[in-house]
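Undergrad: Whenever a hint applies, use it, and build me the whole structure from the sequences.
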Amino acid sequence: MTVRKGMSLQRPALDRRPGLALYAAVEEAVEGLIQERRLAPGDAIPPEQELQTLFGVSRATVRQALAQLERRHIVERRQGRGTFLAIPTMELSLPQLTGFSEQVRARGMRPTSQLVDYRVADRSEDRDTHFFPDNTRLIRVTRVRCANDVPIGIHIAFLPEEIVERAQFFEPVLRANPSLSLYQRLEAAGLRIAWAQEYLRSRGANRGEAKLLNVRAGIPVMDVLRLTRYDGDRLMEVVRTVLLGDRYTFIAYLERHPAAAGLGGLVTHAREEEVARR
1 MTVRKGMSLQ RPALDRRPGL ALYAAVEEAV EGLIQERRLA PGDAIPPEQE
51 LQTLFGVSRA TVRQALAQLE RRHIVERRQG RGTFLAIPTM ELSLPQLTGF
101 SEQVRARGMR PTSQLVDYRV ADRSEDRDTH FFPDNTRLIR VTRVRCANDV
151 PIGIHIAFLP EEIVERAQFF EPVLRANPSL SLYQRLEAAG LRIAWAQEYL
201 RSRGANRGEA KLLNVRAGIP VMDVLRLTRY DGDRLMEVVR TVLLGDRYTF
251 IAYLERHPAA AGLGGLVTHA REEEVARR
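Using the numbering used here, the letters of the sequence shown map in sequence onto residues 1 to 278.
A portion of the hints provided could be inaccurate.
As the list claims (entries may be wrong) - Pair by pair, the computed Cβ-Cβ distance ranges are:
| id | residue 1 | residue 2 | range |
| --- | --- | --- | --- |
| 1 | Arg123 | Asn177 | 21 to 31 Å |
| 2 | Gly232 | Gln35 | 48 to 58 Å |
| 3 | Arg229 | Arg127 | 14 to 24 Å |
None of these hints come from the bench; they were simulated from the model. Bear in mind that the values here come from a model prediction, so they are computed numbers and not experimental data. In this text, a Cβ means the ideal position worked out from N, Cα and C, and glycines have one as well.
TA: Structure follows, in structure tokens:
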């Protein structure tokens, strides 16, 4: 277990004011260390044994302090790996259309990605290709999305070759820089991203997804299907994103219309229901 380089461990004085439990004093002191070292979300904090020696307290006291910090969502403990400064929950406001990099930067974190796969899509295997005309040649790009190097989602994009060429989103380019933003490159090339539809459902992570996200199989994830359009109504991408359920909060803005007084206001278009069932 390592912490950031150049961060010396000097024993801080614990607050011994009357009525303050020892574990609470350690809790405050650990918060002070986090601020002093300017740790970023996802950074490791010293292991329990090191904190025990640093503060001159028992292992039980350290664990109680860390449990309190975890309860407050300041740190998170990962089995077999240690304790880390918690990654803030991402907020996605609907109907705001943003890319992953924009979402992460808005939370004060650094977006990175790992390129898992780049290939021509196989229409016989990839069900999400069916939204495109049959004669459209598609590229499938799979990336693990990270915030401060911590995996938070898997992003599988199906892109027409026309879009790939316009954004210069070729495999060698992505191999050199897996974190490139497709939206930013397209807008820089003069393409206007117009609007998107999203369909959300919750489920358990399968084994392949769990391995990529460093979690156990079956953990709750959010499965998000996005169909993005440009220049009015042209389909630009179909993206299947698998997000860790505890990393994202979706915010939707709803308005009540007169039709909502009857069942008509509660029924979506048949096409949207069909897509949501895919």
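Undergrad: Between Arg229 and Arg127, is the Cβ distance one that fits in 14 to 24 Å?
TA: About 20 Å separates the Cβ atoms of Arg229 and Arg127, which means 14 to 24 Å holds.
Undergrad: Does the beta carbon distance between Gly232 and Gln35 stay inside 48 to 58 Å, or does it fall outside?
TA: 49 Å, holds
Undergrad: Does the beta carbon distance between Arg123 and Asn177 stay inside 21 to 31 Å, or does it fall outside?
TA: Given a distance of about 29 Å, which is inside 21 to 31 Å, the answer is holds.
In summary, this structure violates none of the numbered hints.
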